[in-house]
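Put together the whole structure using the sequences plus the hints.
The chain contents come next:
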Amino acid sequence: MSRTGVFVCHCGTNIAATVDVDKVAEAAKDFPGVVFVEQNKYMCSEPGQQAVKQAIEEHGLDRIVIASCSPRMHELTFRKMLTDTSVNPYMLEIANIREQCSWVHKDKGEGTDKAIDLARMAAAKVDRNTPLYTSEIPLTKRALVIGAGIAGIQAALDIADAGYPVTLVEKEPSIGGRMIMLDKTFPTMDCSACICSPKMNEAGAHPNIELRTVSEVEEVTGYIGNFTVTIRQKAKYIDYDKCTGCGLCEVKCPSKVTSEFDRGLTQRRAVYKPFPQAVPSKPVIDATNCRKFTEDRCGVCQKICTVDAIDFEEQDKLVKQEFGAVVVATGYDLIDWGKLYGEYGGGAYPDVIDALTFERLVNASGPTEGHIVRPSDGKEPKSCVMIKCVGSRDPHKGKAYCSRACCMYGAKHAHQFLEKIEGSECYVFYMDVRTPGKGYDEFYMKTLEDGATYIRGRVAKIYPENGHYVCVGEDTLSGKIVKVNADLVVLDTAMVPQESAGEIGRLFGVSRDQDGWLNEAHPKLRPVETNTAGVYLAGTAQGPKDIPDSVAQASAAASKVIGLFNHKALESNPMISFVNEVNCRGCGDCVGVCPYGAITLETVERRENSVKVMRDIANINSGLCQGCGACTSACYSSALDLKGFTNEQILQEVDALCL
Amino acid sequence: MTKEFAYYPGCASCSTGLAYEMSTRYLVKAIGLKFRRIPDWNCCGASSAHLVNRDLSLALPARSLAISEETFPGLDVVAPCAACFGRLNHAQHYVRKSAENRAHIESLIDREYRADANVLSLLQVIVQNEDIKEALEAKLTKSLHGLKVACYYGCMLIRPVEEVNFDDAENPQSMDEVMRLVGADTVDWAFKTECCGASLQVTEPAAGKTMVEKILHNAYINGAEAIVTACPLCQLNLDMREREVNRLVGTNYDIPVFYFTELVSLCLGAKPTDVGIDKHYVAAVSRSARALEEPAAEPDVAPDDETEKVVTS
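Residue numbers (our numbering), protein chains in the order written: chain R, -7 to 651; chain L, 5 to 317.
These are computed hints drawn from the structure, not numbers from a lab.
Accuracy of the hints is not assured; some may be wrong.
List of simulated lysine to any residue pairs, SDA-like, C-alpha gap at most 20 Å [claimed, not checked]: (1) Lys331/R <-> Gln177/L; (2) Lys152/L <-> Glu594/R; (3) Lys604/R <-> Glu594/R; (4) Lys453/R <-> Ser102/L.
So this is what it looks like as structure tokens:
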């Protein structure tokens, strides 16, 4: 005979406001098998859990029903609690009387009736529960980091330093992401390359880090601890084992292509290193612009190379590797503002540029060696207008969210402009100034002292006139329309996720929000995990943020990976499929139905009526089975059943509700 | 080709916008379109009505549209004046939005109005129908020989974007397309859709003059020899107030302001007096006639030439 204990939670007023907990507790006393009922304000709290433990001891309970919030919230909490008792953690059923009852009903009468039904069903089910035990599944202690910007690099370094091997995949020819494009970083005005390059070099040289540039993830199977990932190592057409990075090929290449790294300010060659400090410090060939590929001519680089490293025959390579955990750090892009803001010229005015382009202008190793000049005529601008929130905080035409870094880099740019150009003027149009970090507001104040003029209002129109640009805006604090003549206009545009993030999300089962940012498991309490166990997020792939936050999040993701890898093995989920051999007729339909490839048909020797026979029987791989139950419904012979959700258990629930 | 349209003339066509009416009539006849004047049409209310009373501003245009629906079932309505087009289009959208709206309007105008027919601007009719564009091209006998024109769209031709859904709101090209068809050289300029001041010229002349001056200035510095419009109030404001602006600000703008239909008609064979160009305030007859002549062999002046351009009559 079962000795079931039923515990009903108030959850403060979350449940108690719409469900009469007293009534539920009273009704539970009459459920078959129930010998003990108790209520609690917060079942999940320390006193709540203690009450359960105490009741088990005092009343000899052998199975528990907890009527509370969703099992997604606290099933694990209560199972953990039961490990301290004589009751097996799987002799537990949760009746969700919150998310599926009190939170979706307004009428207390209806809510209470439903809660009683749900509790009755749970009690009926638990009556048929059997103790279940987990087993161990092996864990591949190798991490995959996708994206090698500062977040990816940081995560890779942390995991590698902890002693675990990491494969760092990057789609561009060099690692470094956006950070290596920047000149100086706020609020310390550290040179970005000076702080980023050492990390890049460390990642490139670390014995535990395998770097794969010009590579993308193509296919993924498996689950936490056991991911099988196919990486496409795209052809570089240069053998890196031979290449010395001398750069002679680049000098001789006749093809000129607009430089993506320099945001269109200069040109590069078809065989190129994106920037001098690239890691790996070796070039790649851009086949879409290389004359050898497009016209079957030239080939000068190959002729000139002293170590015979150029190989035009090279093919893409597909590499299959096993990983235990994945960190997604695919980073951000800037919104296509030209399409949205025709009033700012729609991208047609050469001296109206975005902030990343300004970074290349002001960068000492950039195309102008750090001289701020107008892209149109190369002249030094005397006045600059900077416009914040272009595409951000604009639900009408752009994105509704704030891009978080622009107020600070806007102040940084204003400071740099005024400092580099003697006698210059800088006007910053803003809606608000957001400076939440350490030293941030002080930095902004200093920029005002430098002489930057901040105008609170938006710019309605930018148009060219007599060689400069007229910016017509509003000064909301004085209530006047202002017209500012600018030689250069810098737009602080919205951050958006990299396009590649969509495919990565799809491959790993990580969902994205309405703006395309990858979703964390919980916005407050689980910011680096995703809803796919074993897949973590770092950096701007998860949402707009600045460098300190990206690095912090990267280290957090790494710590999750390290924590995972520190286990000897993983605990398997015991709620998996099992076969009743006697009923199984060996038809094999279940094999095709299983989405995880966990079922095989095995030929086994058995004795029937004292005769040796060979029979085909379904065999479940307990490591691969995820307990989805598809096979149990497909089986004609009812030979397959699901532990924890047996047919009998479910029918008990139906009877409890309907009879 | 889609030949027939119901025609809403608008008040200006009988008065200050006479040249627009004359040139539209010439163009329609030359291409072979049929514009059927809506009988007993009334004023659309323009900006005055919607400032005063919402019901009035919807009922006035709805009445004309209802009459058109009854008299010319199945014909789309064309309104050359941009403001009339805007108000008629708005009323039609209002009625299409919900059964309640329709009932409300029908009770005001005491007529049935289903809002089946579309409301189009004259520019839309030409640009959105390939066959009409082809018919126009076929009948062209003259060219403007690279006359530099600044196409001015004003407020009402393209906005509100959700209701009009025609052309780009910041840098429209439809009128430019038509002008290029007849051989003009359209300039890139930044004030295509800045407001001319509309009725402010009468009620707040000081504000109004500034708005006109800004438009004239930007057209001028971008090398325009003429401004082309598609609205009688825009044309009137830019044309009639040009001398006043000169007096007030001390400039000497001398830029003729045409209706696009005038220039197109000239290229279809009209004389300037046939289409009302002699009625302009800023003298335009001889300049428009000269534009139609074959140019003497002369090196082209680059559009971004910095020398001051003073166009003399």
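Each hint tested on the structure:
no.: 1; hint: Lys331/R <-> Gln177/L; result: 16 Å, holds
no.: 2; hint: Lys152/L <-> Glu594/R; result: 85 Å, violated
no.: 3; hint: Lys604/R <-> Glu594/R; result: 16 Å, holds
no.: 4; hint: Lys453/R <-> Ser102/L; result: 36 Å, violated
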